[in-house]
Every structure is written in structure tokens, then in C-alpha cells.
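**Q** Hey, can you work out the whole structure from these sequences and the hints?
Chains as they are written, first to last, in the UniProt record's numbering: chain A, 1 to 1100; chain B, 1 to 350.
Keep in mind that the hints are not guaranteed to be accurate.
Derived BS3-like pairs (lysine-lysine); straight-line CA-CA distance at most 30 Å [stated by the list, open to error]:
{"#": "1", "chain 1": "A", "residue 1": "Lys1036", "chain 2": "B", "residue 2": "Lys256"}
{"#": "2", "chain 1": "B", "residue 1": "Lys287", "chain 2": "A", "residue 2": "Lys448"}
{"#": "3", "chain 1": "B", "residue 1": "Lys41", "chain 2": "A", "residue 2": "Lys989"}
{"#": "4", "chain 1": "B", "residue 1": "Lys221", "chain 2": "B", "residue 2": "Lys287"}
Bear in mind the hints are in silico, worked out from the structure with no lab data behind them. These numbers come from a predicted model, not from an experiment.
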Amino acid sequence: MASERPLLISTTPGASTTDDGPSPHPPAASLLPPAQPEPPLRADRLAFSVEVPDPFRPSRRGDGPFDDPSAASQREREVGDDDSRGVVVGEPSPEFAGNAIRTAKYSVLTFLPRNIFEQFRRLSYVYFLVITVLNQLPQVAVFGRGASVLPLAFVLFVTAVKDAYEDFRRHRSDRQENNRLASVLAPGTAGDFQPKRWKHIRVGDVVRVASSETLPADMVLLATSDPTGVAHVQTVNLDGETNLKTRYAKQETQVRFSQNGGVGSILHCERPNRNIYGFQANLEIDGKRVSLGPSNIVLRGCELKNTTWAIGVVVYAGKETKVMLNSSGAPSKRSRLETQLNRETVILSIMLIGMCTTASVLAGIWLLNHRGVLEFTQFFREKDYTTGKNYNYYGVGMQIFITFLMAVIVYQVIIPISLYISMELVRLGQAYFMGADKDLYDESSRSKFQCRALNINEDLGQIRYVFSDKTGTLTENKMLFQCASIRGVDYSSSKDTGGYSVVVGDHLWTPKMAVKTDPQLVKLLRDSGKNEEAKLVLDFFLALAACNTIVPLVLDTRDQKQKLIDYQGESPDEQALAYAAASYGVVLVERTSGYIVIDVLGDRQSDRKRMSVIVGCPDRTIKLYVKGADSSIFGITNKASELDTIHATEAHLHKYSSLGLRTLVVGMRELSQSEFEEWQLAYENASTAVLGRGNLLRSVAANIECNIHILGATGIEDKLQDGVPEAIESLREADIKVWILTGDKQETAISIGYSCKLLTNDMMQIVINNNSKESCQRSLVEALATIKKLRAASSNGTLGPVLTSETSSVTIALIVDGNSLVYILETELQEELFKLATECAVVLCCRVAPLQKAGIVALIKNRTDDMTLAIGDGANDVSMIQMADVGVGISGQEGRQAVMASDFSMGQFRFLVPLLLVHGHWNYQRMSYMILYNFYKNATFVLVLFWYVLYTAFTLTTAITEWSSLLYTVLYTSLPTIVVGILDKDLSKATLLGYPKLYGSGQREEKYNLNLFVFNMLEALWQSLVVFYLPYFAYKRSTIDMSSLGDLWALAPVIVVNMQLAMDIIRWNWIIHAFVWGTIAATTICLFVIDSIWILPGYG
Amino acid sequence: MDSHAAGSSSGGSGDGGAPPRRNSRKPKYSKFTQQELPACKPILTPKWVVLVFLIVGVIFVPIGIVSLRASQQVVEIVDRYDDACVPAANENDKLAYIKNQTIPKTCNRTLTVTKDMKQPIFVYYQLDNFYQNHRRYVKSRNDGQLRDKSKASDTSNCDPEATVDGKPIIPCGLIAWSLFNDTYNLILNNKNLTVDKKDISWKSDREHKFGSHVFPSNFQKGRLQGGKILNSSIPLSEHEDLIVWMRTAALPTFRKLYGRIYVDLKVNDTITVQLENNYNTYSFGGKKKLVLSTTTWLGGKNDFLGLAYLTVGGLCFFLAFAFTLLYLIKPRKLGDNNYLSWNRPPVGRR
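**A** Quick look at the structure:
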């Protein structure tokens, strides 16, 4: 990912009242390469290009900042010959995938076989099929052919229709997409762009896109309408982020393609991959190698904005585009309950085999006892006299086998296949109610709760660990500039709301957001030029305005004269700083041609943790502005001369971060012309290097980033979201452990911990912050010993570790630093950390990289049976969200990467409380009950069938008509359970929120466990005995016939199981009433209809 | 449903009755979507539990008493004759006896009336150990053929008694083939008791299942005669014995109606039964019994139902009593928070 990234920096300090500083008008263009961005505090934002873990790829590419930067992995990042593709610009190459996309799964011809194949990949369908096929054997046939095929056929048909419809819609959208038009350079011509359908575009085609058009494929920008090669794209279709991203065409190509040349150059790029934020390529043009990075590529699905036109060469087309590669869904998760359900299914299978064996062995014994007389037994009559052979009798051994197979068919319903369908429906209903809950609707962002994964609803009721990101999750991620420390002087008394405007032509341009300003500082700034201090203050704000990647967008307002400047950028920190600078009068107005600045390092690597920009000022001075985290900036300062300033600034930094503010340090260095030229040369060499480009660029940057003068520091407030402390309090009362995993500094993390009430003053804090494995081990062991001592001191030392943290008087908070985690995770020290962490009530991890977040989640997930939930909002949380049992995405400021990867998404952190405590509890309780009830009701029915077989010479006759047998699971008993599974409430919302402890029932698996299952089976046994033997004894030695008694045996279990359901229902509303009583009535009517219409086989 | 208490939670409409917003994404608020539909929540308070048990007891015990009395009013005479009718000479090989056409099968039995019997008196034959519900047997029939003249040659499902010499048997199948063929002639005081054999089958069967234009043919012409031979000039709908027989019994011990006697019988009346012991149950160890029985509104003699009601009713009374005692001796406050797991002293935990 290392690559250069040209930046356009306009250093327009606005119409400041002084005229001594940089002029209010754009300075003379200076082709200066700036160093590159690194939003310093947010180590968690940095590893932007962390890949979505892809199970299908053997190894993960090392993009994470904490990956081993060994030579091998370094080399892997470079474009080697073996894994690259060569594209000749302007020559469509048939060798690579075309641009036609195909999301549809089937064609008219393949639909039937493929769809049926897809459907039978579900195990339950195979079971269905085997039973149906068995039933077709004439010797084994239990049900009539039609009756036995019907249920399977019905399910298959419904699913097929649904699939066909979905596929039809996909076909339609595919067709629309493929037939869109784009202007493509006709091969062999210069500048002759002709319309071409998207599906005909190939790799190597040169495409011209106009403003607001969608890009047809992944293209490397060759030229744009802007003379400097800038293009803005909106990536809302790709990652949901609405801000504009800046992409660049290389100067080399820009010049040539503006004049329609350049066709024929060869481009080498990496093979298609899923990484949206990474790209590696180089272009051979005029014998010169130009390197290309992620900032030179525009991706399919993006829209071109604020740029009249752009020309690019297609490098990835169709299914190889990054958006298509990313469109495959997240790996599907299975709910805990469903996994447990499999255990019970196995038990039921054993029961089924047991019953079948019993029936067949008894049948064999009966046959043996009646051997020899079977011919003259009227109800058996072994022989068929027309043929003189045995009729349907194959000897005892074979009869046993046949009886066994028949028994499997008759007793099949004990394994409730319909349960899976019911569960799907119940989840659908639950998802609907979660989405419709007004308590989960975020008014401010207008985002509804969304169930993105439909199969883990009930897991929400069993969570024990919540792993939360901080920024954007606990906090709003709306940065507000709060205070500044300039040259060791603190300016934090922000009072005035000083809006500042710039006059451009006839218009008044005002920044969209005004920041409160410190009057003292404003005054100082206005006096700038009069003294040295003021100059530095101006430099400070210049750095804030310049040293970023913000794109100012000018918006029209109702007032003709007035226009708003909206700062669009990828980092909210930078936005806050730019607005702050604007409020102090240093307004970033435009970032356009003429002031091209090329950055030192194009990548965002968190080990740099700083960003530099080199700016040529109108007064011919060249200045290097640096901003970054304190640690990184202080390391490159001119220590000797600035000791006082550094100390003062450090003190202020400490003060800011203990207030919970995010801090940044700003520095500056003036460059001489020769220094600059020397650097520029080195940089150009480095950026076109083939091998080790990243390292070279880094060292070039390091060479120039030295002897920095400290300008000052900023404090940005990261506001807590509404209700976060209360939410955390509730979660903790519910015995859910909340861990915060943040990229912030330790101090910031701790202060946020305090402000959201996670940490309290009576807690003992254990801090693990070490730089080597040995010291980590030592502190872990020490910490464990301390805890042991504490536990021994408090009276009840014998309790299990889970309980001790609550019962003992001292609660312990563990704070772990990301550096230490490097040495702990995935080594043998993990075990120690796990022990320590489970002893602590609160765990805070600071400065963690995205992959470490996933590592911490895995630490808990792999070692306990406890359910984990990860909640986050940014791309850096994706790995954690996918790792955890339940992933929740906050649809907030940071784009939609997290939401796309999540199972549930919502607008605010505090919604976690109603989500878990109310809906989670309900979902779990309802689903558990429904599963157990389904086991119970089917077992009751099957046992009734089984008892009857004991009175039919073990020949598996069913008194109940085959239609009733088949309808039992489908119609007679299924609807009420589904309705109850969606609507019944054991406890009201108010109670559940008022007593978070109630959540414990899910954590302790109280509603679904083996004991309850056994209990339900015993209940089924007892009830089936009653249902069978009451009529049996009542009609013993009577004239009753089979179908009459059969109807009784069909109706009785239906009434009994529905009454059981009725007794288990906690809250009756009219819908439940309607379904329960309606079902019993419907069953009765059905039985009447089946018996009284003589066309139906049940007539009698 | 055992208990309903009036505890009802009404949907809280207080906070959320927000007016519809201009924003369509906002969930529409309704009691349904917020899962706050008015609902009734039955709570099993001690009073309710005791009351419900009492009510069940109060209902069940009288039902039990009435049923038991009804059952005991039924007078039933059961006479097993299969063994007794075998001549002493054939004692050892009953199968040979029943298969030998030359041995006369007539047999006389004497029954003594134990109690006054009011007409109508039902005459049943009872077979034990005869599996009319055997899978081979139960399937071996063709309802279409029985109903419809045009389907005379449709003998599917009737194996192994479908055709004879290639001609279809009407009625086909094992069930019809094995039609019971013992006959009873009842004599009271040297006078024949008329056994009315009309209307012994279900009306719906005669009218809808057995056709009035379908006549028996090729019946019992196979190598082995299974049972009664039907008069081929009478349509199936009038062969009531066949219709009764073909309504297959649910259990291996069953009774089938033979006819009715419209004469009152007195205590100690002796009835002589002249019977033709034709039907072979000797091969599989089945028993044959002749049953004379009166009926009540509850049907025949069966104490089970009455006893079952009495037992359950009694149990309910007992439970009601026990719970009342428990409630009086050791009352517990309803909804006492102290019993919540997290409020209980930690001693009791896990």
C-alpha cells in the first residue's frame, strides 16, 4: 500500500486583517511535495486498509500496522512480476474478465437442476428426501404416494418460486447495469470516444467519464479536466461514506492524455483483490516508470463529482472489480441455540432408532411365534393363491428390516423438520419487531435498527462480554476543537462564537460550522506580524489549515451573496481543526491546481503517526508543517533549543488528555531552497523505486522531518453519545462485562472510561504497559499475585472467578496497552492475560490495532463458552465484529464498513441496552421455548403412534389417517407456536429495563438446556400415555372402528399440546387467542372434512 | 388452562404516542409494533390454584359417579365358545376339525340371564387376538369397487385376494374374504328369539360406501375359503354383516354387532344358543365369544371412564385441600422480591 499520494494544499489564510502574513490570494504555484497524512491520535483509524478476513484466502495480506514488517512481507506488497497483470493502455485485452457482471445465479436452463441442488444442500431437506424415497418402495410404502411427496414438494416449490423471483430481479438489474453506456476510446484513434455498453468494456479500454456519472469499472486515472489531474469521487455505493475523496492522475499521463496521447504505455498492477483501500501498480511511459497507488485508482460504483471529466484505463473489470469482490456477504454465523439444538436432534435420532428397533424386533418375534400358521390366519394369509407364492412376505429377517424402514417413515416427525421453517419465520417476526421498536430508532441520524443477519437473533439474549470501540461508538465522533497550546501558552477559554467569512468576488464564503474562539488568541492573531509570537500563532493555524486532506466544498445558500464552505474529509479530527482554523481567520478556501503539493509518504502507516506537508508560501519561503501524536513529534524536535516549550506543551497535553480530549502536536520547519531540491530528488527516486518503495519513502520522509520547531498542541473534544454512562451501568448490572478497545492514548482512554462511568474512583487499576515480552510477563504475574492476595484478604475466597469480581469489595480495572498486546496476544502469555482479565470487572485496551481487537475477542471466545458481542462503527472494527459471536455496527459518521460486516446495526450505543436486555431476552426466551415445545409436541404425537403399534401385531398401522399425520406438524400445531414465538412476552419491557439482573437467565442458559429437554420429553411420554390409553381403555372390547378411534387419537394430542401451549403462554393478547383457539377449531373442522368427503381417502 | 387471574397489563401509551413524522424511515408507532397490545397475564395465585382444582373436582366427581352407575346398570352376558364347541375327539387338533367340511359345526350353548335385561338387547360376537388392524389386512380392500359398479374390475390394493382365474373378485381383498361366518340362533323357553339384523351397520356406509348396484361375484371361489359366502343376487349395500365386518376394528380384541333382540329378559331365564361354529380362529389362537348386552346413554359396560373421572376429581379435591392447608400454614407474599436469585443470601447460590 505504500505509495505516494500527491496532495493539493492551498495555503490560503483567508482575508486576515493583517497583510504581513501570507496573502489572502493564492500564492504562486509551487510544486512542492508534502509529507502525508496520518491522523495521529487515531491509531484505530489508521489501519484503514485492514482487509475483511477472507476465509478463502490462505494468508492475510499484511496491511495491519502491527504486522511483521519483514522483508518477505514487504516484498509481497510490491508489484512483482509473478502476481501482476500487464495492461496495455488503449488496447482492450480479452485475456481478463470482461465487464459484464452476473449476480444472478441461474439461467432458464440451469434453474431447475441448480436450484434443486442448492436446496438439497440443507441437511433437513435431504432427510425429507430420503424418507420420501423410502416411502416409494412398494414394500415399505406407508403413506400413499401423493400424500408422502406433497410436503417435500410443497416446500421445494415455495422455495423455488422465491428463488426464481429473486433471481429474476437480479437478472433485471444485471441487464440494466450491463447495458449502461460509457464513452470508450475507439482503439487506434486518438480522442475518438464512442458510446459502448458496459458489458463490452474490457480491461485496457480507455474510458471517459463525465461529472455525476458512475464509473463502469476499476480504472487508473490518466487525466482529468483539472490541469493538475485531480478528480473527486463519491464512494457512497462502495463504503457508504458520503464525503468526497480526492484521486489523482499522474502528471506524466495527465499531460499526455489531455492531448490524447499516451496510448500504448504498459501498466503493471497487482491481481484483483478485495482491498478497497490498497492498490499497487506502475506505469511504463516513455521508458520511465511511474508508480501508482490507491490514490490513482477510481473504483466501479463510485460517482465522479466536482470534476468535469476524467479519463482512465480499465484495470479490473466485471467480477474482478473491487466492489464485486467485496459484495460477497459476511461469513454466516450460527446461533448458540441452533448449535445446541443439534445435540438434541442427535438424542432424538437415537430415540427414533430405538423406537424403530423396538418395533421391528417385536414384529420379528411376533412372526416367529406365529410361524407356520400364517397361511390360515385370515388377517395375514401368507400366500397368494393366484400365483401360489408368498404374498409380500420375505421371511422373518427381511420383514424385520422392512418394518424398521417403515418405522422410520412413520416416526419421522420426531425430528421436527418443520421446526427449522418455524424458526426462520419466528426470526423474521422478531427482526420485524426489533426494527419497528421506536426505542431503537435514532432520531439524529435517522437510522433504524437493522437485522442484517437473520439467524442469530436469540444470541442477543446470552451475551456476557461486550467489546466496544470508543470513537464513534461510545462517543459521537463529532470532533470539536476545544483548546490550543501555542508555544507553551495555553488558550482554552473559548467563549466567542466568532464566525469568520471570506470575501471572494461578490460572494461571502462562510465556513459551515463555527467554533468557539478564545478572544485572547483572536486578538493575538490579528496583531500577527507585529511580533514574533504572533507570527508563530499564525503558523500554528496555517499548519492546522494546511496539513490535512480536507476538500473544501462550496455550497450555495438561499442568500445569493452568501456561500457555505463545507469541509469534506476522511478524518473528523482534521475537519475539526480546519473549522477551528477557519474560525480564527485562517480559512481554507480552495484546494486546486497551482498549489500542488506532493506528500512525502502517501500511506497511512500507524508507526509513523504523523503527517507532514511542505508548503511554498507566497513570500518564497518553504515551510514544512508537521502534525501528529506527541510521541512521534517530540522525537523529531530540535530538543536543545526548545526545552521549555516542550515541557510546557507536554504539561498541557497531559492536562488535555486527562480532560478526555484528543491531542495533537503541531510543528514546523523552514526549509531552504537547496534542502528542498535535494529532498525532491530523493523523493522522486524513492517513489518510483520498484523494490522496497515503502521503506525508501519512509526514510526520505524521516530525513526531512527533523529539527522541527514545536508550534503547539491542540485539544479536540470527542463528545460522549447520549446515555452512554447509563447504558454501561445497565449492562454491568446485567452481568455483562464491557471492555473498551480503543486506538486512543492511555490517558484519553482512561478519562473516557471515567466519563462513561466504566471506571470509578474506588476501583483498583492495574496497568500493563510494557515494551518487551519479559516485562509483560512480569507484570502479568505480579498482577495475578496481587489479585490473589486481595481475594485471600476478602473473606469469600473460594468462589469461582466469575463471581468473585462482584462479591468481593475491591473491583479491579485492567488497562492494557497495545504495545504490550503485541507481546501477549498469540503467545503463551495469552493464558495469563485471560486469567487476569476474567478476574477484573473492567478491561480497557488502548492503542490497539484492528487485528488486535479481533485477537482480544478471540482470546475470550476461544477460552470460554460465554457469548461475545462486538460493537463498533469504523472500518477498523470490522475484524472484531466478524470475530465476535454477535457483531453490532453503529451506523454513524465513519462510513458503513462496520455496518456492512455487522449482524445488527443501529444508530446509538445506548440502544444496546434495550437491544440486549429487552429484545435479546425476549428473543432468547421465545426461541428457546419454541424449540422445546416443538420437540415436545412432535414427540407426543409420535409416541401416540408408537403405542398403537404395540396393538397392531407391530405392523405400523396408523389409526390416524395419513392426512392427519402429515397435517399434524404443518397445520394442526405449527401456527400457534410461531405466533407465540413472535409475540409472547415473559416480562414487560419496563421490568426488564428496571431489573437488568433478569438478563442473567440467558447467560446461564436457563431457558434451554439438556435438563429442560429431558423434562419436556418426559412430559411428552406422560401425555402421550394419557392421550393413548384413555381412549384405549374407554373403548376396549367395544365395536369401535379404526378410523373413529384414529380421529380421537388425532384430535386429542392436538388439543393437549395446544392446551399445554396455552398454559405456557404468559401474556394473552387477541392475536394469540385467535391462533390458539383457531387452531383447535381448524383441526376439528379438518378432521370432519377429511372424514366426510368420500373422495378423500380418509372417508369413513 | 388452569388459572386466570385478572392481572392485565395494558400497553403503556404514555410516552410514545408521537405524532407521525415527516420522516418515513421512522418506525410507525402503534401498540402492535411496540409489542404493547393489551394483554391478559394470568397469574397463578394460591387462591386461583385452589379454586381451579376445586372446580375441576366438583365437575369431575359427579360425572364419574354418573358414568360408573350407568356402566353398572348395563347387563352383559359373555360366553366364550370356541374351545367348548370343539368335539372331544378333535380336542388335540382343532385346526383339522375346523378345516374338515364333513364334521358338523353345530353346537349348543346355554346362557343364564344374571339380571333383568331391558330391550333392545344387543347381540355381539367378540374376537380376541384377531388383528383386523394388521397392516397387510387393513390395506387389502378397494373402496371404489365396493361403491361403484363400473369399477368392478378395479382390484388394486386387494392382493392377495384380488382375482380368481383372472376374473376380479367382488368384493375383493382380505377383509371381505375373511368375513365372519358363525351364526347364532337364540332360543328362549323353546321359542325362537328373533334377532333383528337390520340396521346393524352405519347408515352412511350403506348409502355411500357400498353400492346398491354392486353384486358379489367370484366371491370365495379361490382355493381357500376365508369366511362367509355371500348371496350374489343381493347387492353389497344390503349385506349388512359384510358392511359391519369391513369397518375394521381398531384393536385386536373387538366386538361386532350381530343383531338386536327386542324382548325383555328376566333374571334366571336360560337361553339356548344354537350356533354354527364355522369361523377359524384356531390357527392363530384367537377366541370367539358371544355377547348379549343392554346399553345405556354411555354405551356398553365399561367402568373405566367413571373410575378415571372419579380418580382425577378426587385428586383435584385432595390437591385443593393440600394447597389450602399449605397456604394457611405457610403463606407467602405474592411477588416477594426476596425470592429473586440475586436478592437471596449468597449461601444458596450455585
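**Q** Against this structure, judge whether each hint is valid.
**A** Okay, the hints, checked on the actual structure:
1. Lys1036/A - Lys256/B: holds (13 Å)
2. Lys287/B - Lys448/A: violated (75 Å)
3. Lys41/B - Lys989/A: holds (14 Å)
4. Lys221/B - Lys287/B: Judged against 30 Å, a Cα distance of about 26 Å means the pair holds.
Hint compliance for this structure: hint 2 alone is broken.
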